[in-house]
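Residue numbers (my numbering), protein chains in the order written: chain R, 1 to 351; chain B, 1 to 305.
Don't read these hints as lab results, they were simulated from the structure. Computed from a prediction, not measured in an experiment: that's the story for all the values here. Please note that the accuracy of each hint is not assured.
Said to hold, decoys possible - Simulated restraints, written as ranges between beta carbons of each label pair:
(1) R/120 / B/298: 19 to 25 Å
(2) R/213 / B/145: 58 to 64 Å
(3) B/129 / R/23: 31 to 37 Å
(4) B/71 / R/101: 57 to 63 Å
The beta-carbon is built from N, C-alpha and C at its ideal position, and this holds for glycine as well.
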Amino acid sequence: MKLPLRWLVTLLLTIFSIYLVFVFNEEGPLRILINLLTFAGIYGLAAIGLNVHFGLTGLLNFGHASFMGVGAYVTLLLIPHAAGREGEITESGLPFLLALLIGVIAAALFGLLLGLPAIRLRGDYLAIVTIAAAEIFRLLVRDLESITGGVYGIINFSEALQKYRPAFLESFVSNYELNPSQVWVGLLSWISILLVLLLLRRLTKSPWGRALRAVREDEDAVRALGKNAVWLKLQSFMLGAGIAGLAGVFLAFNYGSLQTTTFVPLLTFYVWAIMILGGVGSLSGPIFGSIIFWVIISETDKLASLIFENANGQQLAGVRFVLVGLLIMILMIFRPSGLLGKKEELLLNVK
Amino acid sequence: MIDQLGNGLLLGIIISVASVALSLLYGVTRIVNFAHGEIIALGAIVTLFLSGPIDSKVLFLDRFSPLGMSFFTSATIAVLLCGVFGALLELFLFRPLRKAEVGNIAVLVVTIGLSIFIRHIYLLFATGRVQNFPLDLERRQTYLFFEMTPRNFKVLIAGLIVMIIIGLFLTFTRIGKAMRAVRDSGELASVSGINSDNIILFTWILSSMLAGLAGIFQAIINDVRYNMGFLILLLIFAGTVLGGIGTSFGAMVGGLLIGIFVQVSVALPFMEGHTEAKNAVALAIMILILLFRPQGIFGQKERIS
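Excised from the complex, chain R in its bound form:
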């Protein structure tokens, strides 16, 4: 009987937080909600990927931002774009879907590349290696200006995705004064979530999924049964990294430009907060976690600007991070299983 209660509370909290958006915003609540749901979809997708790592397999990955970054950079560099200081234009490119596929595969391969040596490390060491690798990735991307646009970033790539925008969206959007490109990106990210969840549901119920959880619980036992635990962990690392890469692509299209500063460690910590809130090990938990998280984040900004009158924009943005940090601490101490996770499935001790 415990399961339905947990779900009930989660659904009620999600609905309540969406309701709050309408209470707090008298002007254009729908526009704010769509913006928020788009971010929630993208970050939720990334958190689902992270949950494959930590929730299902027990891998302490703190370099999630780099997987998102690899997916985004590879995809955008393959489609028509402008990059760098001069905004050098590349007009030719692959069709979007093909580029996306290559981007996601690249993210998965980056996961393999990083995982191949690192996956044998104990939990806390893996955390340090992944966060360091993510920083190396970010520093290199910033440094290799001739390829990645460096600090000037990549722009003018949105058309490659927006030209597939269906016509019915336009009429719907114009009725409510919404931003059509964002609605399209948001819609696609939520469709991706559904597809990824269907895939993961199949996978986790398969023998493969059971073997993964067994690796998390007792690696030696898995080895004793003749399974290759390292290869299982690597597969999990690649799968989660690929999902993160997909999220990274949508994040870039939602911003409309790609900057190296997007992929700082704080992005990883955002995704961690969402995963813990939603429930470690719960497949669909991150979705609800993400919606609630983004409502909290976006409403904090307004509250903060009321409380701290003479704070500047940077400081107001800091308030949300104060909350993110607090959320991570409190959840980890008092409810590490989050909204939908199962406490007995949590890996909290270094093995």
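Position chain B relative to chain R; hints supplied.
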């Protein structure tokens, strides 16, 4: 390359002091403390507000003025306050977590949350600007074969003296020996009558004071920023790992080496025009060390997989 050696030593001494602090804490408590950088920043920020000129308003969203105290007094008070802060963290956060037998992965995630939380409190109430201590500008001079300002040279000497003191302290004093005993085996230590709770509390205080001192060094050599600790945290991890996690003497050498690597790498031929990526070199070294010699230069073999 020699030009960069002086800079490397200065960065190295900051990382070295901070690495010893991190390593001591990890050795005794097994906590990988991601909030270490925030204690570093605390040392610098407190010093700034004690010593800053009284006619400016910077604290708490520009409502209060600094106290205009002398620099040395300010720095001393700041280091002591960092110790108090470390004690509070242990007493009100980490000791209860330990008593509740919260797993160490959970504690690691808690320190990450703590780090984000404190860092942005600084941003809110302290400063989002890059600031400097109210110290006079000095001209660089030549010492042996590297150039630095007299003040930075004093920092270097002070750092080395602190290391020597820490080394002597750990080797010869009762409490230093007790710390090493708890590090090697908590159970055996408590069997021999060592109160491990007190030792852990003392380690938190010592580690935080050292971190605060490293922050003051960093601020003298560079500047004060709300995220100064986080910016250098991964280099500190690198120094700790290079020397051998949990070893104090290793962390000293490892920290110095990482600082020198980072600065000297700027002068390497393939790094020409890529100075922004210099930290990547140190992080790559750390990853390689973890993969091929996880016990570091001085550490003992330990299971890490």
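Status of the hints after comparison with the structure:
1. Taking the beta carbon of each, residue 120 of chain R and residue 298 of chain B are about 22 Å apart, inside 19 to 25 Å as hinted.
2. In this structure the hint that residue 213 of chain R and residue 145 of chain B lie 58 to 64 Å apart at CB holds, the actual value being about 59 Å.
3. For residue 129 of chain B and residue 23 of chain R, the Cβ-Cβ distance of about 36 Å falls inside the hinted range of 31 to 37 Å, so the restraint holds.
4. Evaluation of the 57 to 63 Å hint for residue 71 of chain B and residue 101 of chain R yields a pass: the beta carbon distance comes to about 59 Å.
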